[in-house]
Every structure is written in C-alpha cells, then in structure tokens.
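Residue numbers (our numbering), protein chains in the order written: chain A, 936 to 1117; chain B, 5 to 117.
It is worth saying that the hints were derived from the structure and are not from the lab. Quick caveat, the model's predicted, so the values are computed rather than measured. Treat the hints with care, as some may be off.
[Stated by the list, open to error] Not everything, but these chain A residues come out facing chain B in the computed CB check (under 7 Å):
(1) 1002
(2) 1007
(3) 1039
(4) 1047
(5) 1057
(6) 1060
(7) 1061
(8) 1064
(9) 1065
(10) 1092
(11) 1094
(12) 1097
Think of the CB as a built atom: it goes at the ideal place given N, C-alpha and C, for glycine as much as any other residue.
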Amino acid sequence: MNPVVRQEDGSLLLSLPHAEGLVLCSMPQRIEALLSSEGFNHRVVERLFPIAYEDSSREAEYRKLLGDDLRRSKRESMETFKRTLEDLEISQEGIQILIAEEAVGQWLAFLNDLRLYLGIELDITENDWSASIDPDEPLEEEFALLHLLTWLQQCILDAIGYDQDRFASELQEDDPDDGGES
Amino acid sequence: MSTDLMVVPGEVFLAAGKPGGVQLPEVETETSTRRDRLWDVIVWDDPINLMSYVVYVLQKVFGFSEQLATRHMMEVHQEGRSVLTSCELEKAEMFVSRLHRHGLQATIEKQAG
Chain A
936 MNPVVRQEDG
946 SLLLSLPHAE
956 GLVLCSMPQR
966 IEALLSSEGF
976 NHRVVERLFP
986 IAYEDSSREA
996 EYRKLLGDDL
1006 RRSKRESMET
1016 FKRTLEDLEI
1026 SQEGIQILIA
1036 EEAVGQWLAF
1046 LNDLRLYLGI
1056 ELDITENDWS
1066 ASIDPDEPLE
1076 EEFALLHLLT
1086 WLQQCILDAI
1096 GYDQDRFASE
1106 LQEDDPDDGG
1116 ES
Chain B
5 MSTDLMVVPG
15 EVFLAAGKPG
25 GVQLPEVETE
35 TSTRRDRLWD
45 VIVWDDPINL
55 MSYVVYVLQK
65 VFGFSEQLAT
75 RHMMEVHQEG
85 RSVLTSCELE
95 KAEMFVSRLH
105 RHGLQATIEK
115 QAG
C-alpha cells in the first residue's frame, strides 16, 4: 500500500513509521553544508551543480549568469522540505506529513538531490546498483538510506501518476535484463 | 548556418558575388552566435535518477506529452543521451538551468552544420 495518498485538493498525505519519519527530519542537515560550499566532496558539488558547457569560457559565463539561481533554487527546495516537516503530526501509529500541492515539485527535487549526494558518496556508477549491495559493505547504512529515499520518491511519483512499473515494463520490452534507474 | 557580416559604418560595399562586387569578410560576432544559431539541449544518462522522475521532469520543463517524454527517457537510458530540443541560446540556457534544478545532467551544444 502506498504511504502517500493524494487528497482532493491536490496535496499529498504521507504516513510513515516513527523511525523513517525521524530519518527524514534529519535530511536537511546533510545538504545544508553543501549549499554553503564548505568542506564537501567536490564530486558531489559537481553532480549537484553540473556543467552546462564543455567549453570553459562559455561555462564561466553561464555560471556568472545562472549559477546563483541554481544555488538559490536548491536552497528553496530544502527550505520548503524543512517547513513541511515543522507541521508533521505524531501519533502512536507513526508520523503524518501533509505536502501542499505547490510543494510537491520541490519535495521531489530535494529528495532527488539527497539521492544524488548519496549516490556519489557511495560511488554508484551502474544502473542496477540496487541489486549489487554487499551486506558486509561498510557503508551499508548509507545504502539503506538511499533505498529509503528512493522508495519515498517513487511513492510520491506513483501518487501523482508516474508509476515506475509502467515505465520499467515499457523498457523491458526492449531489454528484458534492465532495471529501474535512468 | 547563418553568420553575420562585419559592417563598417560610412563605407559602402558592393554586393558580394556580383561582378565587381567585394566579398565582405565573414566575421562571426558573439552577438550573431548567440542570436542566430541553434543549440541542442542534451540530457545525459545517470544511474541514480528514476525513470519515472525523468519523465516527470521532462513533462514539467518542456511540456512534452507523456509519450514523447517517455521516448526521450528511454533514449537516454539506452543510448546514454538524448537531444531534447534545438533552439536559440538563451532558451537553451533556460532549459538547461531548469533541468539542473531538478537534478538532471544536461548540457548545451552548438548544433552541427
């Protein structure tokens, strides 16, 4: 059953067990330092702020023009995510979070940034990464977090009509061995 | 592919290609490059982005139908890249900026030819 239910007004109601909900609340801290550009893995920065041009002079001009917009946009997504979590409701059954319709896009973008950050930290380079986890891997906890965020992002996409299974089945008509990431 | 010609104020040039005409030097200015040429917006494969998320973003940024967005997503997945549109430079930069905001890897390339 999808823990994300779309309401009549277009908002999404997310119901999570306590443990997953608390993990989610700790997520903004992970990316806050990155947006301040202090002491971070440069590969993560390169991935979250990718180049637009191969040519370095064009790229420099582009950065001057639009670099701050990108940084601002990522910060706004994180702030929207944090603000939504401030209003979460805790009950014995778990945690409920109401995501306003206008905040859904920023939630998806922020979850994706978190996943990209973890993907770089875990050195993921293959599409079938989810099938190749070694249980003795020292970064198993980070893999578990990546799985949680992937699952959550997919649940939100499912709730707004982007069912991963539908796209995966279309792909498998061409390549039966294929997985789910693009 | 069009290129602008250098026009020197106050000087009269005869039409190039006509008898007695002068071939004006073809000087490609930055303004003409930005304004006239078409630029490809390219999205690249990524092992983390979900297929459904890529379709969602392409529909949101470009207004593609689900069928077209899915076709581009599958091309990215299978070929490693897909040209999403060809347009003026300012528009291409706006599209790439929006794709970057959503976490997709996208670049701009001058259209060949």
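Hints versus structure:
1. 1002: Nearest chain B Cβ about 9 Å off; hint violated.
2. 1007: 10 Å, violated
3. 1039: Violated. Min distance 10 Å.
4. 1047: It holds, given that the least Cβ distance between residue 1047 of chain A and chain B is near 4 Å, below 7 Å.
5. 1057: Not OK, violated: residue 1057 of chain A not within 7 Å of chain B, min 10 Å.
6. 1060: OK, holds: residue 1060 of chain A within 7 Å of chain B, min 6 Å.
7. 1061: Since the shortest Cβ distance to chain B is 6 Å, the answer is holds.
8. 1064: For residue 1064 of chain A, the interface hint holds, since the closest Cβ of chain B sits about 6 Å away, which is under 7 Å.
9. 1065: 10 Å, violated
10. 1092: Holds. Min distance 5 Å.
11. 1094: 11 Å, violated
12. 1097: Result: holds, 4 Å to nearest chain B Cβ.
When the structure is compared with the earlier hints, violations turn up for hints 1, 2, 3, 5, 9 and 11 and for no others.
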